[in-house]
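4 protein chains.
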Amino acid sequence: MFTRLVESLGATEKLSAVFSDDSVLQAMLDFEAALARAEARCGVIPASAAASITEAARAEGFDTAELARLSLRAGTPAIPVVKMLTARVRAIDPAAAGFVHWGATSQDVADTALVLLLRQTRRILQNDHERTLAALRRLSEQHAATVMLARTLLQPAPPVTFGLKAAGWCAAVRRGWDRVSSRFDEALCLQFGGASGTLAALENRGLAVSEALKSELGLKLPDGPWHGYRDRLAALMAALSIYTASLGKIALDVALLMQFEVGEAAEPGGDGRGGSSSMPHKRNPTACMLALASAKRVPGLLADFVAGMVQEHERAVGGWQAEWPLVYGIVQSAGVALESMAEVSEGLTVDVARMRANIDSTRGAIFAERAVMMLAPELGREAARQKVEQAIEDTGMPPDLPGLRTPEDYLGSAEAFRRRLLEGDK
Amino acid sequence: MFTRLVESLGATEKLSAVFSDDSVLQAMLDFEAALARAEARCGVIPASAAASITEAARAEGFDTAELARLSLRAGTPAIPVVKMLTARVRAIDPAAAGFVHWGATSQDVADTALVLLLRQTRRILQNDHERTLAALRRLSEQHAATVMLARTLLQPAPPVTFGLKAAGWCAAVRRGWDRVSSRFDEALCLQFGGASGTLAALENRGLAVSEALKSELGLKLPDGPWHGYRDRLAALMAALSIYTASLGKIALDVALLMQFEVGEAAEPGGDGRGGSSSMPHKRNPTACMLALASAKRVPGLLADFVAGMVQEHERAVGGWQAEWPLVYGIVQSAGVALESMAEVSEGLTVDVARMRANIDSTRGAIFAERAVMMLAPELGREAARQKVEQAIEDTGMPPDLPGLRTPEDYLGSAEAFRRRLLEGDK
Amino acid sequence: MFTRLVESLGATEKLSAVFSDDSVLQAMLDFEAALARAEARCGVIPASAAASITEAARAEGFDTAELARLSLRAGTPAIPVVKMLTARVRAIDPAAAGFVHWGATSQDVADTALVLLLRQTRRILQNDHERTLAALRRLSEQHAATVMLARTLLQPAPPVTFGLKAAGWCAAVRRGWDRVSSRFDEALCLQFGGASGTLAALENRGLAVSEALKSELGLKLPDGPWHGYRDRLAALMAALSIYTASLGKIALDVALLMQFEVGEAAEPGGDGRGGSSSMPHKRNPTACMLALASAKRVPGLLADFVAGMVQEHERAVGGWQAEWPLVYGIVQSAGVALESMAEVSEGLTVDVARMRANIDSTRGAIFAERAVMMLAPELGREAARQKVEQAIEDTGMPPDLPGLRTPEDYLGSAEAFRRRLLEGDK
Amino acid sequence: MFTRLVESLGATEKLSAVFSDDSVLQAMLDFEAALARAEARCGVIPASAAASITEAARAEGFDTAELARLSLRAGTPAIPVVKMLTARVRAIDPAAAGFVHWGATSQDVADTALVLLLRQTRRILQNDHERTLAALRRLSEQHAATVMLARTLLQPAPPVTFGLKAAGWCAAVRRGWDRVSSRFDEALCLQFGGASGTLAALENRGLAVSEALKSELGLKLPDGPWHGYRDRLAALMAALSIYTASLGKIALDVALLMQFEVGEAAEPGGDGRGGSSSMPHKRNPTACMLALASAKRVPGLLADFVAGMVQEHERAVGGWQAEWPLVYGIVQSAGVALESMAEVSEGLTVDVARMRANIDSTRGAIFAERAVMMLAPELGREAARQKVEQAIEDTGMPPDLPGLRTPEDYLGSAEAFRRRLLEGDK
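Protein chains in written order, with the numbering used here: chain A, 1 to 426; chain B, 427 to 852; chain C, 853 to 1278; chain D, 1279 to 1704.
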């Protein structure tokens, strides 16, 4: 249940277990077993056959390496899986062998298996999401009054609070997961249509078997088979990608704050983290880096998925067969980003003094707009603006008015926005 | 209000009008005028200044070519727009000039203008969506009993009805727009945060001005300024891309059905459509082609948008400045695809006889699965399967059993799925 | 040495062996051993240390699962590899342990290992390329005189020869590999710069060790360390992607020709190929489908790679750490496409009679342009054109002039182009 | 000849002129005129007709807005252009009208026009490339001895010289253009194949006319018509994208050096540059930002182009019709990035004192590796390493050995690499 070295920076252990050969195979076998039981319940196949198929449908003992090899030949893992399963069923109950995969098509098992695997990933991702959300909320509350430089185009700007910054992160994470969650709700539905999407082999019992099958698997029954319609999966992939990109934004902010010259925050480091093979002194933004690397991988994977949606007729030639590695890549990228940013959020070190020192080091430059406002009542706005601009031209700073450089006095609606962001837009 | 030649296959006239220089400029000016009125209502600036700014904020007479040139220098269109607007206000009311853009930052006007333009595009897209949806529903109802070949991996498969096929198209279109519509709801919100996203220049009146401003513009007030958070826009771009890809899937199906060798359907042709400069005989799938070309452009534009979401601190250096051409490209692609497929859906010619003839020409090969089922009661399933496979090996066809090749008798749940698809999953 | 089930349609067995844990680890160990020997040759470390390091640097017995786990923690596989290797060296020669990885940085070993793996993939890809190229050339020669319909926008057009079509495929394959090959030449170079890209730890012997090291490994010495410069790899990824897309074009042509209604060509089928789990009669374009699926995956992977090139300073935070799965995905996609199309090219069945029958079935419609030319000498061009257009409007066909419908007489420069394409542009 | 507001941050004035309606139309007319002359030279059409067509083929007076409208209907700009041109020819020489576009197909004129436009862009891009290359070389020479921090993962690392850094930039620019240039050489070739790519309408004179036509236009004659083969264009798009990404890397480095807290370099600012609408004090990295925005747009556009390469038969339905806006977007992005970075390179301010001060402010932390080396002769390597690591654990710094912190003494092969990078790998 481990990750391969070639993708070791882009896959978590837990998600690798979900997409391990045994787990993928078991998801396919779960479909076949549930199908047999559903068909038995509807009187399509004998109950004894369903029992035998269920008994045989356990991943242990299958030669998954051989399965992978045969899948490439067949162009789908479903054909060799059904063949191997049938052989196992035949060994224990010859009469049942003919009922394996009855009325189904390869894509029914492949797609439903993918859906079952995605349901597992949802729980894993949700756990790290909730850790992250809670930690960012705590950071925001703790630092509601911690002033720091805003930075726009990487240049200093009038102050914000770190609480506001963390609230922005928190809100992005919440919005991101809300979309992911509703897209999971939409996408976790049964695929079952048979050869042409009509369930013709089941005659007039297609819908009844579909109902029974979705209950067996705990999935939703969609409006119809979706062999050629990948929009629900695409919408889920898009939501995961967008969420991952939002995590990347937080990671970038933290990595920038961790710069030696800025020094306002640091990710926790700890066990095996942040070292350098040539520079023992370094405290690297390793977790942020992993989240950033993940955010760099999702856009293209998403593009490929969306491009692949343009599929031929009832089942495509290439479009859907391209999907599994794309789904895998997006899910793993989201997983690494979430696991990394949960760790960062929970262990972030904040240097409140350095934040204030960095404001002070700008020697008032960021308060130019405020200086205009302070001078305006006396001089009029235009004259105030000219006076400030002249001072900046001469000295690089606005005039040093009393109280001008007190960041706490120039926060505007920062606290109001912070609270709104933590609450969410309704 | 016309499209440029270099993008003439990728832009509609109506959407080109929305994104014309005058329209883009007016959207920016609308923000500035609404801001002035909102600030006047809140007592931040004099009412007379708001009136003068509103009066001056009309796109007529601005030198938009010069504006575009200055925008590239400034790195944002907002700076030259504000400067030109200020000059106009000064000309009619010198005292008001200092209140232009008061408390706002460049990205406030740029982002809100984009949102206002997107609101206009929504109406245009929705109109073509509704045309398409209604036409596909009609096609599905008309052809509920029209049998045709299913095709999987571009090979013949057991029959479906054209009504089922059109219902699948219809459902994809409906699901696509539902997502687009809910993402428009989410994304059409005000951007207003000032230099650092705190509205510090407005002191404690930031939220009040925000409320007044969103009312002036008829937009939602989000949880906070979103200068560095592009997820709402990204989610809208994703929904539009996915919808466009679904339209591309329909276009591909139609183009494949229009093949001379298949000949089962044809797009309407008509005024200026479908010709060839060298082959006067040709009836090209021109509208489908345009939809397909659109579907080929959205994935990468979406990828760029999502990649651009990883933005630095309170305002990014490059990420959001990359957005306008991406949004423009996605919206135009969606628009061309919708306009094209509305035309195709409303004017599609269906050759019912050819559909049946194509089934017949397979001489039963697609009914192999059915032959097994017909023989099973007598021979048992395994023997039936073997007999059919032997026949196929010998003759390329299953045994010619009575009634085997009647497509109407092998439609399974086609009609049930058709009705579900037209209703939608709830 | 097998592929995982989740990517079984997107990975070949041979390339999976190259990117197996043992192989990836061995490539990293090869770097460390070669580095030690190079440093010994230059007098930087003792010869005995180099011998011990070389002895220990064998992948057997390393716990690669643990390595993968530690890599995610460390943010690079290099740190745990160096640590494990050092422990092994210490066990056999304590004095040598301190010389492991001397003067190098993590990215030196990671990048050079990737280059060594890419060199292995080159041979595998080249073999399938040469098979494909030769087979397409044979097809072109065999069918130099086989007439068939051209098809533009999926509609019939004046005839071509299948020899010309195959020559077009062949030329695309040759151009594709030429670019891949020259990009391999460029990209297969040593990475060696130490912590900051100056090899400071080696004092003034950095270049000498570099020279020795590249000789040990059989790589080129580049202009300088390229930790933050990924353009050579990007250019290779682009060339592989473009080549894969060209293979996808061929696969699409074949899949379209294999349509039951067209029936002009078929891929070979054979062992485990082309079946259907629900439709025993089907002959699916399975190999073409795999190539098409590969072509659908490369564009986004390439986009991610290029987006990742925008890297910070001497070593990036996220950009290069995203690369391995992208490189892996592109190489595997190219490999699957090549393996598939080699098989298709070598075993393609061509139905010469059906090609002619399909021409005939257009009943002259494709010869409209020719009819104008035949009538022009007598009627003048304008009158000829009008007459033909009138006939098409009336009957859907041009006038049936003697010889008009003989495809062999309307091939223009088909044979001349065929020969040029087989020769290549110089 | 100006850019539109919606893309004003993503298009240069010079390239906008190349892709203006008049220029695009003229390129198409140039093809038609050259074709007529070539055919006259080969005796295919009368010399008088060629003269009349050449006379009429001037963009002045064409209604390009109407052309754009008709292009969307026709699915290609070629059809309405040929129709309008024919009408113009008829007005001055009725006998010549029938010879317009003789033997050519829509894609011949569209593709060759694109090639002619790309040839114009090459000159514009090359000019800015040469400016950039020369300026970076100067910077490298001037600062061969200027020490500064290296930064890896955004953390300080042992010193480099700014000369080395600039040499790395310079080499990337040179490699980037070398690839672009060779891909231009490959891609700037004639498209001429007629309806099916056989030039059948020209009977046996197709190659002769091709030769004459390529000479008229000053283009190369490729191995054959390439209507369905877009690999040469794709390779050019890839080279331009990769070059743009390398410029983005330089822009990111400069923007990071410009951070207030770092302050080691600054782009020139100047006319209209670097301002802020709300913060008069700011000196923004505006030019770098534009280059970064460009680098963010190219990956997806490239992905779309490569995905579009999978084209049907002799001419595709959607694939090539998607190309123009993609090519336009990539070229403009490259143009903006080059124009911006030429300006940045030529005007970059370097703060040598700040660079040294930033090294000093690390108080030796970056010299940990060096401390090990200095202590090793006395203590042995292992003991030296332990002593340094202990010191770092205790104080965050290595022991303060004499000369340890002199950056000039720890530059290794920096100068050697700098010279190699300026020379290029051969």
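Treat the hints loosely; a few may be bogus.
Stated by the list, open to error - Derived PhoX-like pairs: lysine-lysine, alpha-carbon spacing no greater than 25 Å straight-line:
hint, chain 1, residue 1, chain 2, residue 2
1, A, K83, A, K214
2, C, K935, D, K1492
3, C, K1239, D, K1492
4, D, K1665, D, K1492
5, B, K813, A, K387
6, B, K640, B, K509
7, C, K1066, C, K935
8, B, K813, A, K83
What the hints assert, rightly or not - Which bits of chain B does chain D cover? Going by a derived footprint, with three or more residues having C-beta under 8 Å, they are:
hint, stretch
9, 446 to 454
10, 485 to 494
11, 734 to 747
Stated by the list, open to error - Beyond 10 Å from chain C on every Cβ pair, some chain B residues (computed):
hint, residue
12, C468
13, D611
14, E687
15, N784
16, T788
17, E841
Calculated from the structure, these hints are not laboratory results.
Only a predicted model underlies this, so the values are computations on that prediction, with no experimental measurement involved.
Using N, Cα and C, we set each Cβ at its ideal position, and we do this for glycine too.
Taking the hints in turn, this is what the structure says about them:
{"no.": "1", "hint": "A:K83 <-> A:K214", "verdict": "holds (24 Å)"}
{"no.": "2", "hint": "C:K935 <-> D:K1492", "verdict": "violated (62 Å)"}
{"no.": "3", "hint": "C:K1239 <-> D:K1492", "verdict": "violated (33 Å)"}
{"no.": "4", "hint": "D:K1665 <-> D:K1492", "verdict": "violated (73 Å)"}
{"no.": "5", "hint": "B:K813 <-> A:K387", "verdict": "violated (98 Å)"}
{"no.": "6", "hint": "B:K640 <-> B:K509", "verdict": "holds (24 Å)"}
{"no.": "7", "hint": "C:K1066 <-> C:K935", "verdict": "holds (24 Å)"}
{"no.": "8", "hint": "B:K813 <-> A:K83", "verdict": "holds (19 Å)"}
{"no.": "9", "hint": "446 to 454", "verdict": "holds (count 4)"}
{"no.": "10", "hint": "485 to 494", "verdict": "holds (count 4)"}
{"no.": "11", "hint": "734 to 747", "verdict": "holds (count 5)"}
{"no.": "12", "hint": "C468", "verdict": "holds (42 Å)"}
{"no.": "13", "hint": "D611", "verdict": "holds (29 Å)"}
{"no.": "14", "hint": "E687", "verdict": "violated (4 Å)"}
{"no.": "15", "hint": "N784", "verdict": "violated (7 Å)"}
{"no.": "16", "hint": "T788", "verdict": "violated (7 Å)"}
{"no.": "17", "hint": "E841", "verdict": "holds (20 Å)"}
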